[in-house]
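Peer 1: The residues making up each chain are set out below.
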Amino acid sequence: MSDTPPPAPTQSRAGAKKELPEHFRAYKHVWVFVELERGAVHPVSWELLGAGRKLADKLGVELAGVVLGAPGDATRAALAEAFCYGADLAYLIEDPILADYRNEPYAKALTQLVNAHKPEILLLGATTLGRDLAGSVATSLLTGLTADCTELAVDADGSLAATRPTFGGSLLCTIYTLNYRPQMATVRPRVMLTPSRDEKREGRIVPFAVDLDEDKIITKIIKFIPDRESSKTNLAFADVVVAGGLGLQSAENFQLIRNLAAALGAEFGGSRPLTQKGWIGADRQIGQTGKTIRPKLYIAAGISGAVQHRVGVEGADCIVAINTDKNAPIFDFAHIGIVTDAIRLLPALTEAFCKRLSPHHRDRLAG
Amino acid sequence: MKILVCIKQVPDSAQIRVHPVTNTIMRQGVPTIINPYDLFSLEEALRLRDRFGGEVSVLTMGPPMAAESLRKALAIGADRAILLTDRFFAGSDTLATTYALAQAIRKVERDYGAQDIVFAGKQTIDGDTAQVGPGIAKRLDLLQLTYVAKIEACDPEKREIVVERRAEGGVQVLATRLPCLITMLEGANEVRRGAIDDSLRAARAEIVTWSAKDAEIEDISKCGLRGSPTIVKKVFAPTPRSERAAFVEPATSGGDSAEAVIGAIFARQPSLEEDMAKLARGF
Amino acid sequence: MIEEKFDAIVIGAGMAGNAAAYTMASRGLDVLQLERGEYPGSKNVQGAILYADMLEALIPNFREEAPLERHLIEQRFWMVTDRSHTGMHYRSDDFNEEKANRYTIIRSQFDRWFSREVQAKGAIVISETTVTELVSDAYGKVIGVRTDRRGGTIFADVVVIAEGVNGLLGSRAGLRPAPKPEHVALAVKEMHFLPRETIEARFNLHGDEGVVIEAAGTISKGMTGMGFIYTNKESVSVGMGCLVADFAETGETPYGLLETFKAHPSVAPLLEGSEVKEYAAHLIPEGGYNTIPQLFGDGWVVVGDAAQLNNAIHREGSNLAMTSGRLAGEAIFQVKSRRDPMTKQNLALYKKFLDASFVMKDLKKYKDMPKLLHTQSHNFFLTYPTLVAKAMDNFLRVDGAPKLDKEKASIRAFVKERTLRGLFGDALRLARAWR
Ligand SMILES: Cc1cc2nc3c(=O)[nH]c(=O)nc-3n(C[C@H](O)[C@H](O)[C@H](O)COP(=O)(O)OP(=O)(O)OC[C@H]3O[C@@H](n4cnc5c(N)ncnc54)[C@H](O)[C@@H]3O)c2cc1C
Ligand SMILES: Cc1cc2nc3c(=O)[nH]c(=O)nc-3n(C[C@H](O)[C@H](O)[C@H](O)COP(=O)(O)OP(=O)(O)OC[C@H]3O[C@@H](n4cnc5c(N)ncnc54)[C@H](O)[C@@H]3O)c2cc1C
Ligand SMILES: Nc1ncnc2c1ncn2[C@@H]1O[C@H](COP(=O)(O)O)[C@@H](O)[C@H]1O
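Protein chains in written order, with the numbering used here: chain A, 510 to 876; chain F, 619 to 901; chain U, 43 to 477.
Next comes chain A alone, as it looks inside the complex (with noise of 0.2 Å):
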């Protein structure tokens, strides 16, 4: 079987530092899956290339991009943008059955490139495309695999020192894998910074060939049904999150949410009271109870911020408390906080946004 990784070293006991084994000496580089899906690459890619690129520095080593899919247009523009963010090479696996995401065949694919090239830290998006392909490599290659981690950093003795939050974001841990190959780890989209983009940078492509057929794989895509075509509600993986709480004081103040939102183009949910109330359904309840959400601008608008309310907003980038009390919990992390009467609020916001961000106002500012 191709798959089947070298023997593990014999480990006497956990913690000890240890040689690297042998067989794992030629494990060299830094390489970053490129998630390639219908035809885009999820931006967590060029935001681990930029982290990449550091831990390569530092070691001195080439930043690898692995890039998967069908033979095409994407594919290419993906290689090419790969570079441009600062991969020195990039490995390419090309092949139709590689068009939409399996785990069976893009599993199989990474596994076999791994042993084949040897990279020491290979890194990956916490997604949900990430989270199952990382997952059945690691166990494939009986390696170590850190997850979601926000940050990542090269050891005096050059060891990958991956550092997650654990228990509800708690605590904060800072985990090795020391005498395995390759480091592995998932970081969580929009923790690290996008790099800048570098037109002119190239690349060398290797090609990489897997024998894949696609009568041999069980799993088959009947549709793909994109978000915006279906009618369930994207809460969790929405850019932008509007929500209200009891300080609405009536169902039909929410309203101004739900007006608010469709402005926007956002999403939009609700404390816990509210779905108890009956005000919005189950499936918008944000917190500990509902929804995690991690969009890049959160509004809370009569919310008062109970830490079961502040676990699942807490990984927004920007989180905007509208609310009277001055004192609200709420505002100990939000970013940008007002006080003043949410229900007087929200219809203005609306309207200024709407203005702001219209084309012709755009077009004004450029002009």
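If you are wondering where the hints come from, they were derived from the structure by calculation, not from laboratory data. Ideal Cβ positions, reconstructed from N, Cα and C, are used throughout, including at glycine. Any given hint could be a false lead.
Stated by the list, open to error - For each label pair, taking beta carbons as the anchor points, the in silico distance ranges come out as:
no., chain 1, residue 1, chain 2, residue 2, range
1, U, 117, F, 827, 17 to 23 Å
2, A, 705, F, 861, 26 to 32 Å
3, F, 874, U, 246, 52 to 58 Å
4, A, 528, F, 861, 43 to 49 Å
5, A, 586, F, 899, 19 to 25 Å
As the list claims (entries may be wrong) - Covered stretches of chain A, as calculated for chain F (at least 3 residues, CB under 8 Å):
no., stretch
6, 542–551
7, 570–584
8, 625–638
9, 648–654
10, 768–779
11, 810–816
With the hints as your guide, set chains F and U with the ligands onto chain A.
Peer 2: Here is chains F and U with the ligands on its own, set in the frame of chain A:
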């Protein structure tokens, strides 16, 4: 159908505190619960059993205390509970965990028959890795369906299953064959409350308890700390966000206040404006 | 559905219910205990002080296993005004005995442990299940219960009602009247987490030693009530309780009072820098002896707070609950072992046991106290503390005024506020109630 659900007992994260001096988790008094994501998988398993007949077994690896969670799963409606507990398993990372669980599932199949579906939770709220499900699938050579929002069709006779799987930017409708491993998405179903008879049955049930030896796990070196390639070197508390929100002074008119808020947002997050303009136009 | 019948069903897994279930299960009875909380203890709020003797009567070696926080070596009583406290402290190294008499506990942990002991004795305990109804036969004998889960009646020879103070089952079934507002106090409590070392330094403690502070005075804004601070290992319980009737009258909120108490200059430094984790409110029955309802009937007994068995003066509740639960269990076992039916007549044995115990004797002793404190609350909680504080201030402040003048001023102040007759009257009434 024979279905197995992997559940984990976890501390209720909402009630966890960190010792301010030693930076250790203060578990004392923190209640433990079944990992909430696992309940969606358990419910889906029970629905399949109710539809097609058969039995649902729940499996956990953990300290003897974890029996409480198993009993809860029985009270919700599971038919059999298996606790894998042994000091050899202490300190397992996900790779070692999947080894032990996969071996235990093999033993379940030897003792109670082949399983059609193995369920795991999407992720845990303590480890939060989402790796154990895929790891078990790989080790048992099961087809893997993660982040399943809905089981559209299942035919135990023809050994076929069709699911909706959450992907980035949309939903994949996938068809595959049994046996497979499924992790359910949160909110995919509404978890039932068992009947009073289930509770009585659960209270009286005997929980099958296996040590590594009982589960016929021979290679202890693959378990626990020794079998874990990852090593936690340092645990520390995040530096708390010291500053409170930057307050925007409300103006006399709502319009001016709104503009001030928007100004503050884009001043903080300049790239947002471009993104939001696109979003507002429906891209 | 298979019909289930037990020797006894216990409603509630608090102190009283656990004691009853433990007693019966360890005597071999087939016991089912139902608890509405997520787990035994999850809904239970208590300061909390555990009195060892009563638990020892049930589980002699409990000290080795139960989750105990600190054993108490010091008690502080504070009479407080807005800016001061006058205290009486009693601390003794004798309390550092091997088998200490009083411990602080955290109910959610303690009850869970207690429940495990109950289960180890063979009782079946089901949580997250609320009993919605007592089921009676055509003659009015209680024969079982119904719950909020799917499934029908569960039958038993006898039902032990241990549903706590605000349980409605008993009153709904017409077995006892619902408690009146002037007979229940509402207590609110917070857990403040602090590092162990900080607690020990602030309260002058070594190792597992603990201290209790009880404070009465202007913090209750003239209502009948008091504040308390109990030290646990890594947390401090801070609470405040007042009669429900008073809240209704004054419009004060429990939380508002607790905030005032926490901000008191004598209290704030003890809590500084703590992390508040848990806020809870709970009722305490304070009506005393005169409000104890009928305690037994055909097919049922009632124990603990549900039976108003609570000594408000000594802040004892859990020990009375535990003892009444144990005695009820004992009585049921004796009736059962004689193969007698669980009739009202036979279950009167429980009352007989209770009358012979400290429970009824203590409650009888203080039977007039609740009423007195309630009707005189303004004097006891506002006027006197202020006067005492004034006197202390006068006594201690060195400002050149002759001492004799100071003393006279203090006495004058007392008499002016309360008239001499009033003062004597209060003293007399207090002494009578205490006797
Ligand atoms: C086990 C458990 C799980 C929970 N899970 C969740 C969860 O998943 N998600 C969740 O949200 N909650 C959850 N909760 C509930 C949580 O503890 C809070 O009760 C809840 O979040 C409070 O909702 P709120 O902020 O809307 O209401 P409130 O706390 O009542 O706050 C309303 C706020 O609105 C402000 N306000 C009033 N009028 C106005 C106005 N005109 N304009 C602006 N502001 C105004 C007030 O100052 C106040 O701050 C959970 C609780 C428990 C015990
Ligand atoms: C703030 C505070 C401080 C206190 N401090 C002390 C102290 O320091 N020392 C002391 O000795 N006492 C103290 N007490 C009093 C003491 O807590 C009570 O007297 C004692 O808990 C009574 O025990 P119980 O079993 O009767 O009731 P509870 O402990 O209240 O137990 C009743 C149980 O029944 C369950 N239940 C209720 N209804 C149903 C139903 N329909 N179906 C199923 N289950 C149901 C409840 O969930 C609960 O678990 C304090 C009380 C309070 C509120
Ligand atoms: N010790 C364990 N015992 C049983 N199942 C587990 C255990 N650890 C993890 N799992 C399963 O794997 C899922 C994902 O866990 P994790 O990878 O830790 O996020 C959980 O939701 C469980 O279903």
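Peer 1: Next, verify each hint and record whether it holds.
Peer 2: Do the hints match the structure? See the list:
{"no.": "1", "hint": "117/U / 827/F: 17 to 23 Å", "in the structure": "violated, 46 Å"}
{"no.": "2", "hint": "705/A / 861/F: 26 to 32 Å", "in the structure": "holds, 28 Å"}
{"no.": "3", "hint": "874/F / 246/U: 52 to 58 Å", "in the structure": "holds, 57 Å"}
{"no.": "4", "hint": "528/A / 861/F: 43 to 49 Å", "in the structure": "holds, 46 Å"}
{"no.": "5", "hint": "586/A / 899/F: 19 to 25 Å", "in the structure": "holds, 23 Å"}
{"no.": "6", "hint": "542–551", "in the structure": "holds (count 5)"}
{"no.": "7", "hint": "570–584", "in the structure": "violated (count 0)"}
{"no.": "8", "hint": "625–638", "in the structure": "holds (count 3)"}
{"no.": "9", "hint": "648–654", "in the structure": "holds (count 6)"}
{"no.": "10", "hint": "768–779", "in the structure": "holds (count 4)"}
{"no.": "11", "hint": "810–816", "in the structure": "violated (count 1)"}
Checked against the numbered hints above, the structure violates hints 1, 7 and 11; every other hint is satisfied.
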